[in-house]
Structures are given as C-alpha cells and as structure tokens.
Amino acid sequence: MADEDDEIILSELSDDELVLQMHDDLYDGLKEEIEEGVNILLGRGWVPYDVLTKALVGGMKIVGDDFRDGILFVPEVLLAANAMKAGMFILKPLLAETGAPRMGKMVIGTVKGDIHDIGKNLVAMMMEGAGFEVVDLGINNAVEKYLEALESEQPDILGMSALLTTTMPYMKVVIDTLKEKGMREDYIVLVGGAPLNEEFGRAIGADAYCRDAAVAVETAKTFVARKHNSMGA
Amino acid sequence: MSDLLSKLLAERDWLMADGATGTNLFNMGLSSGEPPELWNVDRPDNIRTLYRGAVDAGSDIFLTNSFGGNAARLKLHDAQDRVAELNRVAAELGREVADAAGRPVVVAGSMGPTGEIMQPMGNLTHELAVEMFHEQAEGLKAGGVDVLWVETISAPEEYKAAAEAAALAGMPWCGTMSFDTAGRTMMGVTSAAFAALVEGLPNPPLAFGANCGVGASDLMRTVLGFAAQGTERPIIAKGNAGIPKFHDGHIHYDGTPELMAEYAVLARDAGARIIGGCCGTMPEHLAAMHKALVERPRGPRPTLDQIAETLGGFSSASDGTGDEAGPARERRGRRRG
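Top to bottom, those sequences are chains D and E.
With our numbering applied, the first sequence corresponds to residues -12 to 220, in that order.
With our numbering applied, the second sequence corresponds to residues 887 to 1223, in that order.
Okay, chain D solo, but in the shape it has when bound (with noise of 0.2 Å):
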C-alpha cells in the first residue's frame, strides 16, 4: 500500500527531525509515539534534560500557543497533555536521578464547592510540561487545606482556580487568611477560571489572573524568575 512507503520510522529520523516530529506527535496526542520518541532520544545519549525541554517542553508550548489562540480547544489539549504525562512518566525518575534543573513548584487547586477542574487539570499538565514540580490538591479545597499543602510542600507557586460565580469569591477567603497569618508574600498567587478576568485578581489579592493554560506557564516562569532575582539582590 502507498500508505506504507509514507509511513514514518521514528528510529531512523535524525535527531532534529525526531524532535520536530515529536512536537507534531505531541500535537496530535499520540502517546506511544511519544514514549517511543523519548526512549530512542534517551538510547542515543541525551541527557533526560534535553529531551524534556527540547522535545515535550517544545511541542507543549505549541499546544499552549494554540490553544491561547483558539486553534485548539480543551478536547485536542487533553489528548497532547496525556502524551506528555507518557512522556513525562519515563524521565521523571531519570530526571530525580540526574538532579536536572528545577523551574519551581507549585501547589494547585479548585476552590471550596468547585467541582471543576477541566482547567485546573490542564494547568498542572501544562506546568510539569514546562518543568515545574506540581502537586495537585484536586477539587473542593477549604481553605484549611490550602494552608496545610503549603506548609508541607513549601511551594514557589499558589495556584486557584474557579468556574462557578458562586465559587469564585472564595479565593479571596484564601487569600485573605494567608494575609492573616502574615504568609501572602511567602507564595507567588495565580488564579483562574472562566468566570475570572484581570480586573478580579488584582481586586482579590492574587499576584496574577492567568486566562488560560499557557498564561498560567509564562506567568508562572516570570514571576520565579523575578523572585530568585529578588532574592539574589
């Protein structure tokens, strides 16, 4: 068949060809091309590194771009994501082991009778596809919970999402409590959520609104990059 002679061996693309590849792989949600493309780039010597930056960080970056643009929407983005997290699957020990450069971390969840977490969800994925550390509290978070994951991971990153009118309002609840208890400058604040808009964040106290996946990730490296300048000062 004409379709065979078309068909792509990824073991014998160059490794630049591979990585371009993979962006469309990745794009294309096809997660065992995904784990084979990191296990050849891994036979042939890379460093886990590389290969998460250069192949998945890369092409997650075009999903991002895309979907910030409306080309793609959450369907084609849940698919790219999951190729990832295969791909993400295999480096991560290899990654530990390696002691690779960390971009931060960051505790994520929905608010307090929030069942949603579509968005928040493709965040996190986002975020370990840009190399942030993510742990995810999941859905329906009181603020009691928020205080305890942060206590315990020390993370860079808060992040909170919404996407009910009803729910929205109890970021601020969180918020306001880490104010309180004198930790609001402790964390870099991200929140989001369809219902939300720049506007909201700031009147609520957060750091950032963050509109969508791929906001979140640029929002997120600028402010780490700005609070390890600041601390270098």
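Everything labelled a hint here was simulated from the structure, so no lab data went into it.
Ideal Cβ positions, reconstructed from N, Cα and C, are used throughout, including at glycine.
This list has only true hints and no planted wrong ones.
Listed next, the stretches of chain E that the computed footprint assigns to chain D, with coverage defined by at least 3 CB atoms under 8 Å from CB atoms of chain D:
id, stretch
1, 905 to 914
2, 918 to 925
3, 1001 to 1013
4, 1072 to 1084
5, 1123 to 1133
Since the structure of chain D is provided, determine the placement of chain E on it from the hints.
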C-alpha cells in the same frame, strides 16, 4: 403540544426569561462555596424571593434553583442522596410562585453540567451521565416544572446525555450551551455545529441557544451564528450582564440595566425568541429589558459592527464559523495513520 412553553411560543412573538440565580442569592447572604440548592429546603423564602424577583420584573419563564442539583455536583457537599428532594422542592417553590402570578409563567427546571469530562477524554460514561440527569429530571418533574432547562453545557456528549434523560422522563426540554472560548464552547463547539447537533437529536429541544459565556457582545455573535444556519427552532439568548468585578467584598457585574435593555432588543432583532440574562442579571436589569422589549419596535437584524458599537467589542476576532474560520497551524505535512 400541550405544554405551556409551546403554547406561549405559538401565541407570542418573544418571551422573556429570567436573570441570574447565583448573583441574586449572594446578595441574600449565600456564602461562596456553599451549594445554592440546599437553600431550597433550608431557606425557602429566599428562593421564593429569587423567583418573584424575575416574575415581578416581567419574566415569562424562570429557572429553578437546581443548576448544580445532579449527583456529581451534590456529592461535594455529601448531598448526593438528596437529588430527588432538592430538585422537587426547587420545582414546588417555583410552581407556587408561578401559579400566583396571575398570568401564565413557565417554571423551567434548571439542569447544569455534571462538571465531569465524558469519555473518551474523561471518565464519565454516557450511561452514568444519562442516569444522573434522569434522576434530576424526575425530581423536577415531580415538583411540577413545565419544562426541563439544560444550561451551560460545553460538550456535545453531555448535551446528548441530557436530551436522552429528558426523553426518559417524558418531558419537553430546552437546552443551551456556553460559548466562552474564542466564540466556541470550551470543548470547541461552534454555533453552527451546535445548531446542527440539535437538529440531529431524536428528541430535539423546544428551543436551543446560548447562555453565560463572556459578555453580551459575544453571546449576540453566537445568536447570529445560530440564525445564519436558517433554523426554524426558537433561539434562546441568556447573556451575562457584562463581566464580573470585585467591589467592597461583593461581586458586581459591570453591565448596566440600560446596556442589558439594548442587548435584549438586539437579541430579538438577531432572531432570538426567548431572551433573558445570566450571571449578574438582577431584577432591575430584567425590568429594563422588559420595558425595552415591550416599547421598542422590532428592527433589522444587527450586524457585528452594530453589536460591538452598542454592547462593546468581542473577546476574539473569530468565532470559528463562516469564511473566516479562524487561525490554523501549518503542519509539517507528514501524518501517520
């Protein structure tokens, strides 16, 4: 058809639906994170006040306080065993208010999304989704709703599951989706694709349309998208009163009653037969909308430019329909099967 909504649609040119539920209940002291549905039993007078607010402002249809009344949502509050009760009482309170209105008022049983992702992307099976919606529908039916009202849906699979549940309950229904992502639903459904989906159902809704989403302008663009498909089915427009802002510990939507009055008239001109508001739409907005709909003559179908001029700009350049189907990505060409 003998149901009240069909009768009113046959008699009247346009009908006015209600406004916000959550925003109104917050103003009565509901705290964030608490499930509004529990108030049906715990604070029934507040729910009566919510319903009366819409009826007194001239609404012909109002939605019951049961948006999150499915087992998946109530489970968060350990109230998954109370689906039948909470929905029935939401409907009974509605019946009481509607029957005392002195004119025909439709009680519509609100059914919001499960909040879960359906297979194959997520874990929720079609069977379980149908079962949860059906359980809720039976509760609303037992409480005496005139019609089921499925709203804020983003996935085609979930819309179909709700339709099937309505059929199982033997109830007429309406169903709207929320177009909040670059003019599409979160799951990527365009207005055109939704109009086609509706007509392909074995038990299509009495009316379909858009609710919530971004702002009134985006919602109007979606309504024009439905109308462009040449549908004969009544179109529902239920847009938010602007966007949410936080002032002095309260959420306030920036859309004024005057703006919502303009929106209502434009929605009718665009082809919507059932016009209401969503988040942020208070009784004073509804009263202004009703006055405008009664007093102002019908006009020609508005253009996108006219909508943007009157209600503000759109959140994205394209909504994925028409000749400008939006941006696309150049691919490397080779695809594997």
